[in-house]
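> Residue numbers (our numbering), protein chains in the order written: chain A, 228 to 723; chain B, 1302 to 1469.
No lab work stands behind these hints: they were computed from the structure.
Each hint should be verified, as a subset may be incorrect.
Unchecked claim - Listed below are the simulated DSSO-like cross-link pairs for lysine-lysine, each with C-alpha atoms no more than 27 Å apart in a straight line:
| # | chain 1 | residue 1 | chain 2 | residue 2 |
| --- | --- | --- | --- | --- |
| 1 | B | K1436 | A | K231 |
| 2 | A | K238 | A | K711 |
| 3 | A | K599 | A | K669 |
| 4 | A | K238 | B | K1436 |
Unchecked claim - The calculated label-pair distances, taken between Cβ atoms and stated as ranges, are:
| # | chain 1 | residue 1 | chain 2 | residue 2 | range |
| --- | --- | --- | --- | --- | --- |
| 5 | A | R534 | B | G1354 | 55 to 61 Å |
| 6 | B | F1438 | A | N643 | 43 to 49 Å |
| 7 | A | P290 | B | P1429 | 34 to 40 Å |
Think of the CB as a built atom: it goes at the ideal place given N, C-alpha and C, for glycine as much as any other residue.
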Amino acid sequence: MDPKIIADLHKFYPEIVITGTFLLVIVADLVFGRLRRAVTFALTVLGLAAAFALTLPLFGAAPGTMFSDMVALDPMALFFKAFLILASLLVVLAAPGSRELSGSGLGEFYALLLGVTLGMILLASSTDLLMLFLSLEMVSVGSYIMVGYLRNDRQSNEASLKYLLFGAVSTGVMLYGITLLFGVTGSTKLIVIRHALAGAATPGENSLILLVSTLFILAGLGFKIAAVPFHFWCPDVYTGAPTPVTAFLSVAPKAAGFAILVRFFFTGLSQAGQGLTWITFASINWMPIVMVLSIVTMTFGNIAALRQENMKRLLAYSSIAHAGYILMGAVVLTSDGLQAVLVYLITYLFMNLGAFMIVIEIYNRTGSFELKDYRGFYRRSPFLSVSMSVFLLSLMGIPPLAGFFGKLYVFAAAVNRDLAWFAVIGALNSVVAVYYYARVMKTMVIDGGDETSPVHASWDSTALIWVMLIPTVGLMLFWDQVQKITSGSVGLFLGN
Amino acid sequence: MNANLVSQILFYFFAVLTVGSAAVVVFSRSLIYSIFGLLFTFFGVAALYVFLGADFLAATQMVIYVGGVLVLLLFGVMLTHKLYNLDLKTETFQFVPALLLIVAVFGVLLLAMTRATWFSGGVRPPEPTTAEIGKMFMREYILPFEVASVFLLIALIGAAMIVRRRAQ
Chain A
228 MDPKIIADLH KFYPEIVITG TFLLVIVADL VFGRLRRAVT FALTVLGLAA
278 AFALTLPLFG AAPGTMFSDM VALDPMALFF KAFLILASLL VVLAAPGSRE
328 LSGSGLGEFY ALLLGVTLGM ILLASSTDLL MLFLSLEMVS VGSYIMVGYL
378 RNDRQSNEAS LKYLLFGAVS TGVMLYGITL LFGVTGSTKL IVIRHALAGA
428 ATPGENSLIL LVSTLFILAG LGFKIAAVPF HFWCPDVYTG APTPVTAFLS
478 VAPKAAGFAI LVRFFFTGLS QAGQGLTWIT FASINWMPIV MVLSIVTMTF
528 GNIAALRQEN MKRLLAYSSI AHAGYILMGA VVLTSDGLQA VLVYLITYLF
578 MNLGAFMIVI EIYNRTGSFE LKDYRGFYRR SPFLSVSMSV FLLSLMGIPP
628 LAGFFGKLYV FAAAVNRDLA WFAVIGALNS VVAVYYYARV MKTMVIDGGD
678 ETSPVHASWD STALIWVMLI PTVGLMLFWD QVQKITSGSV GLFLGN
Chain B
1302 MNANLVSQIL FYFFAVLTVG SAAVVVFSRS LIYSIFGLLF TFFGVAALYV
1352 FLGADFLAAT QMVIYVGGVL VLLLFGVMLT HKLYNLDLKT ETFQFVPALL
1402 LIVAVFGVLL LAMTRATWFS GGVRPPEPTT AEIGKMFMRE YILPFEVASV
1452 FLLIALIGAA MIVRRRAQ
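Build out the structure end to end from the sequences listed, making use of the hints.
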């Protein structure tokens, strides 16, 4: 065997551990009779924790690519590996406490989640379009199954089918775009594609076909991050899926989608410019396209969220809006912007998962996702109401909560690139968003409800909510570290 | 008749076969007709692979799609009485906007493709590719090759889950 492959394996431990755990969980689910619930859970948690621990030492490694330029090993890839494994771990911890999932065996759920996690970390580090496609499909197919996990729930099955149909179409369109890009550049490797575009005979060569192929590929990537107009699946799928799966989808595959979006556009379709900025090629100026995408996504998400009466639907539209803000950081084409994307994702992880944890716990106790059943919840459970309010305030971007810093970094990155108008659109959007988040808070705290029986959250849910609550409130105390980690993670390997 | 002309005629024959049978797949109201149409589409695509010098791919296409997937599809339909006699509902929504969109996309694609300078690796006589593909799977493409196996396992678990749900 090629010695380079053996050498690369030593930098591939997180992926190997996750694959091993994936297989072990499948076997354990069959072997252990009554104990299998506990054993599969423990295996999954241990496997993910081990993978997380094995990712950290790699941060010191020299940036490069592995397995013949298939995946990159650079700070950005490692950041996303750690981030995605952590997000999966948090969702796994929430799964056993969910009433929706309690009726069915969870072994396959964990196995699928591990498979999707493997797909996500490969997706986040792909530097080859073949690898990109394969890992994207791995994430998608695993997600379709997880969305339809509730066997006898019609809504869950319908959501799964909708997701599959939209996913299949957008993947097909993306694949078509990839073939066109391959046709004009002669390679599937992002680094070679960049060199081919940089070495064009005339500056505007092939601009039309590159535009078409970029738009087609954007359809596939936009589907993953649920950007408008590729978002149609999002509200229905988020509503129909078991809530832990919804929480997972709203954070992890979305972050992986951003990772590959940044990698595709930065290492494939742009080149390093003056200082810490990037410039697009004359033949394919994708900046205005993604900029429009960002504006439309945040505006649509926020406006559509205004009238939602179902909490899962409301959070679905809110997650669409947040995708718009995050895109804003990516599209300004600076290192500041990339750092803003990472900061935003960290804050989004805790506040959005936290909000979903509370939705799960309230469903466990009341059996409802409807906003009207949240009326007067403050008198029933002050803890759940207050912590929900904290997460919502953070999603609004109210200082000094974590969400404020995400927005601050994104808007500052736009202003620094002389795109103040862009930041103003984002800020106006945040104002619109205050309305629907505040409406939930008003319903829970101020409105009086007919039901007054007290609700006690279970100890494991309470503990998990605290795990989300502490970073949401206290992230500013560790801002030096967050600043250091994110600014150290913007490095993308661009080839030798 | 020179060899070039023969290959041209053959190419257009297979191209028309592929597109024509694909149209049958889409427009036929009977599921059985659609599946038989698909047979010719797969066959035509395999022939096009031969024209591209991709011998292994052409053989795989025949063995897996024509020999495997289609037979499974046929069995699936024939064993399911309900599907066999099913008159497919092919309603058309938003006909005019869809038509405009399709024409626009087709026009742009056609324009882009004719105006593009395509990358060319140079014209070479066709060589057997099987051994080379085998080596590549163990070298340059070892990661996608291995990842694809995990991917297929996920798909298998999913399929098993969906089937078991029906039984309950």
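> Take the hints in turn and mark each one as holding or not.
We went through each hint and held it up to the structure:
1. B:K1436 / A:K231: The given pair, whose Cα atoms are some 15 Å apart, holds under the 27 Å limit.
2. A:K238 / A:K711: Roughly 23 Å between the alpha carbons, so the hint for K238 of chain A and K711 of chain A holds.
3. A:K599 / A:K669: holds (11 Å)
4. A:K238 / B:K1436: holds (23 Å)
5. A:R534 / B:G1354: 55 to 61 Å: holds (58 Å)
6. B:F1438 / A:N643: 43 to 49 Å: holds (47 Å)
7. A:P290 / B:P1429: 34 to 40 Å: About 39 Å separates the Cβ atoms of P290 of chain A and P1429 of chain B, which means 34 to 40 Å holds.
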